[in-house]
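Undergrad: Listed below, chain by chain, are the residues.
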Amino acid sequence: MSDNYEVVIGLEVHVELKTASKLFCGCANLFGQDPNTHTCPVCLGMPGALPVLNRDAVALATRAALALSCTVHSFSKFDRKQYFYPDLPKAYQISQYDQPLATHGQVTIRTEAGPRAIGIERIHLEEDAGKLNHIGQRLGDATGSLVDLNRAGVPLIEIVSQPEMHSPEEARLYLTELRTVLSYLDISDLRMEEGSMRCDANVSLRPLSYTGSLADLPRVEIKNVNSFRNVQRGIEHEIIRQRELLEQGIRIVKETRGFDDAAGTTYSQRSKEAANDYRYFPEPDLPPLVLDAVWLEDQKNQMPSLPEELRHQLAAEGVLPRDVDVLVQDRALYGFWRQTVAIYPDVKLVTNWLLSDYSRHMNAKGLSFDNPGVSAPHLAELLALIEDGTLSGKMAKEVLESMFATGESPQVVVKRLGLSQITDHEAIRLIVSQIVEANPAVVADFLGGKEKALAFLVGQVMKATKGQAKPDLVNALLREVIASHV
Amino acid sequence: MAGLDWDAVEMARRVQSGEVSALELVDASLERIAAVDSNIGAFLYVDDVGARQSARRLDSELTRDQKKSLPLAGVPVAIKDNLVTRQMPTTAASKMLQGFMSPYDATVVERLLAAGAIPVGKVNLDEFAMGSSTEHSAYQVTRNPWDISRVPGGSSGGSAAAVAAGMVPLALGSDTGGSIRTPASYCGVFGMKPTYGRVSRYGLIAFASSLDQVGPFSRTVRDAALLLHVISGRDPHDATSVDVSSTAPTVVVADPTQMRIGLPEEYFGDGIDPNVRTQVDAALETLKGLGATLVPISLPHTRYAIATYYLIANAEASSNLSRYDGVRYGFRETAPDLIQMYSRTRSQGFGDEVQRRILLGTHALSAGYYDAYYLKAQKVRTLIRRDFDQAFESVDLIVTPTVPDLPFKFGERALDPLQMYLTDIFTVTTNLAGLPGLSQPIGLADGLPVGLQWIAPALEEERILGMASALEAVLPVPSWPMQGGLSR
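Chains as they are written, first to last, in our numbering: chain P, 1 to 486; chain G, 1 to 488.
Negatives, chain G to chain P, calculated, CB over 12 Å: (1) 7; (2) 63; (3) 65.
Using 25 Å as the maximum straight-line C-alpha spacing, the simulated SDA-like pairs for lysine to any residue come out as follows: (4) 376(G) with 282(P); (5) 376(G) with 99(P); (6) 81(P) with 343(G); (7) 81(P) with 362(G); (8) 376(G) with 286(P); (9) 379(G) with 289(P); (10) 288(G) with 477(G); (11) 95(G) with 86(P); (12) 379(G) with 286(P); (13) 415(P) with 473(P); (14) 376(G) with 75(P); (15) 376(G) with 83(P); (16) 77(P) with 236(G).
No lab work stands behind these hints: they were computed from the structure. Yeah, the Cβ is synthetic: ideal placement off N, Cα and C, and Gly gets one too.
Use the sequences and the hints to build the structure in full.
TA: As structure tokens, then:
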């Protein structure tokens with residue numbers, strides 16, 4: 001980045017909580033249903049309806065706060081954030097304003113320069129809005145809009161970072177680590193493409209000579225970006241755009257901008273110069289949220305192992321540093337790895353197979369570790385067949401491919417394909433003797449000091465056994481037989 | 001008309017014993033409504049067919065199951081039209097909700113039905129319960145049965161008038177700053193605002209959420225107690241409902257000699273109509289005669305109550321009424337774009353008084369004004385609450401006039417909102433403090449009813465009812481207006 005400016009990035013991440021019902025009513029919290037089939041007087045904002053807080057949502061939000069090292073407040077309250085829009089049935093969103101559930105957390109990102117903690121300012125609970133489906137190509141020329149309120153009232157947490165990231169790469173690392181941590185809590189689907197995880201990025205450029213408050217720097221909010229990659233691209237573009245303006249002496253306008261995926265650029269949505277007045281005030285329909293100390297202690301005790309702890313654990317178990325990150329980043333992969341290692345404890349072999357051939361086949365079939373196609377016990381069984389010499393590495397790869405194709409166990413595949421290394425010493429010794437007999441000249445070369453000649457003989461034996469002999473055994477027997485001939 | 005002279009306790013007893021059928025009572029109620037309501041205008045909607053059907057169903061159930069016991073068996077009731085009902089339209093007396101059918105019943109309505117009561121119709125109010133005279137209904141005015149040139153009070157004017165004119169023995173109302181007690185006083189009936197949280201607000205169209213309570217109208221203390229018993233108690237649909245059991249179904253008459261009754265000086269100063277003052281003084285003498293100890297007390301922050309009340313109530317109202325945006329239900333004015341649709345719908349769907357309050361409330365919550373208005377009002381609210389806490393350290397109950405004056409004539413205050421707001425001067429404090437209050441009819445002055453307000457500590461409704469009952473027993477049996485048809 002330019003020498004004259006420091007990039008300042010803060011991220012606001014919304015995460016939909018995976019509760020059975022919505023935040024303030026009993027409607028099912030489900031994605032992808034027919035429009036308006038999961039609604040009731042409460043989430044439709046009918047006259048007289050009142051919200052009642054879902055305890056499970058509080059538990060999931062608390063878990064997130066604890067995992068992100070936040071201070072969880074035993075007293076917090078709900079407020080109304082008011083604005084008119086057709087996807088907001090009550091014309092206010094029940095959120096938490098000045099006394100959020102949790103504050104002062106952090107996410108540790110691992111940069112090339114080493115680990116760095118990015119502060120989390122706050123985490124609060126709020127309800128989601130519904131969805132508008134515009135009839136037409138774009139909002140501007142839509143002939144109408146259809147309102148679907150299935151999502152209205154779905155529980156969200158908003159995780160607000162401190163403005164402590166200084167490059168698009170750091171923003172990506174923050175998001176990746178945040179998602180990894182949250183994935184171990186089982187509180188959300190965390191799917192950017194389905195909107196269960198959403199990110200808004202605040203970007204400003206601080207002139208190095210500027211010593212005022214960060215809050216007073218004009219910042220641009222990039223909204224509605226649908227992938228981590230695009231968050232990064234949006235920020236990259238925004239830095240270039242702002243720097244060009246600043247260098248031309250043009251003031252940056254505080255505004256909200258969208259991201260155009262195709263062009264890779266941001267575009268102005270609305271100016272925030274005349275700041276939206278949301279007229280927040282305490283939600284009179286809900287008593288303050290008071291967390292019981294014993295309950296909170298219970299939540300702490302029920303926390304699962306988190307990525308940072310797992311990374312140390314895996315390193316101690318002998319997993320290579322670069323593999324550690326890959327394994328931990330995908331919770332399902334980690335679970336699968338753990339399951340396989342429990343049956344077949346060769347950490348290195350399991351890791352190698354899992355991250356190479358296994359992943360390749362799985363990805364090719366469009367599967368994921370949540371439902372990978374070949375089970376951990378089957379993979380462990382396959383690895384055991386390599387160890388006991390039944391299969392060569394090359395044969396095992398073939399078996400694995402077939403396992404992905406048919407779903408059969410390795411034993412079944414081995415039997416069906418007639419694969420298995422000949423480990424019977426006498427059977428191989430016989431073939432070895434025949435090859436030695438048939439190739440006196442090569443044997444003489446070998447005895448004359450030409451080590452390479454042996455490789456030719458090994459190849460001949462393998463050919464004769466159709467590759468089912470174990471190469472090191474063939475090697476050893478050849479030396480033995482030749483020695484006995486002399 | 002047979003049966004309508006009985007109170008609800010008596011009606012239910014006779015229906016239960018088979019002396020009279022629910023249908024006979026409902027018929028009597030509907031006939032009375034048909035006979036007098038064209039002059040009163042209490043009802044916005046009368047459900048003849050539904051009420052008769054329900055009555056017949058109840059009669060056959062009671063015949064089939066002799067053991068079935070329902071506290072309000074066959075009692076015709078009127079429901080303020082800001083409580084949502086599935087069987088009848090709910091308008092809040094606003095054009096905004098003309099013809100609106102709710103997909104659900106308010107919790108209090110469910111409880112009424114479960115107790116065997118028969119709703120005969122929905123009654124008038126000031127639009128969205130904003131007003132003290134029921135003149136601000138988008139549909140009709142309601143007249144005071146004692147003098148049809150005068151207002152019945154508000155906002156639950158329809159409920160009070162329907163009970164006073166003998167159309168129904170019971171009605172439900174709602175009280176945000178006096179909307180039950182003021183019309184109860186003006187119409188000479190009992191009207192109670194329970195402790196905040198005592199009765200579920202689920203299905204009550206919100207005006208000011210932290211102040212609203214649903215409560216009973218009746219012509220006897222025991223009826224008020226019975227209806228309160230039926231509608232009170234914890235509701236899982238209302239997070240602000242208090243987790244205590246319902247009030248008792250019957251009244252335990254209090255022993256006045258054990259009662260210390262506080263008379264706050266701020267409620268007995270200037271500005272009280274001499275006629276009201278005379279009646280209230282007479283009631284106080286009666287209480288003294290019963291052996292009660294009357295104690296002068298002070299509630300020093302009373303003078304800030306009206307300002308505090310209107311800041312909080314309007315702020316909450318501005319938010320609560322935002323949902324009437326023309327998108328999902330109710331009135332919608334067409335427009336070329338969304339913003340204009342909102343603006344036209346709300347400008348034409350809401351009446352002037354409602355718009356005035358939305359504007360005031362929006363202003364009070366605006367950035368830069370919030371601290372000076374809303375936050376400050378909340379602080380004063382705490383002080384007002386503390387006044388009562390301190391007073392109740394030395395007294396068991398407090399009495400005041402319910403309203404400083406007698407029912408006024410139509411139009412007298414409608415053009416001066418500030419004058420109208422002062423009608424609530426003695427009633428808003430209990431809403432701000434969340435306390436129970438009852439207006440008890442104590443007699444007539446110049447042919448117009450006067451009410452006495454009882455205030456108790458939180459959740460002590462039964463103490464109020466016990467003392468009101470003791471007083472009721474010694475006051476002359478009231479005559480009811482319009483016995484022969486029309487007064488004046």
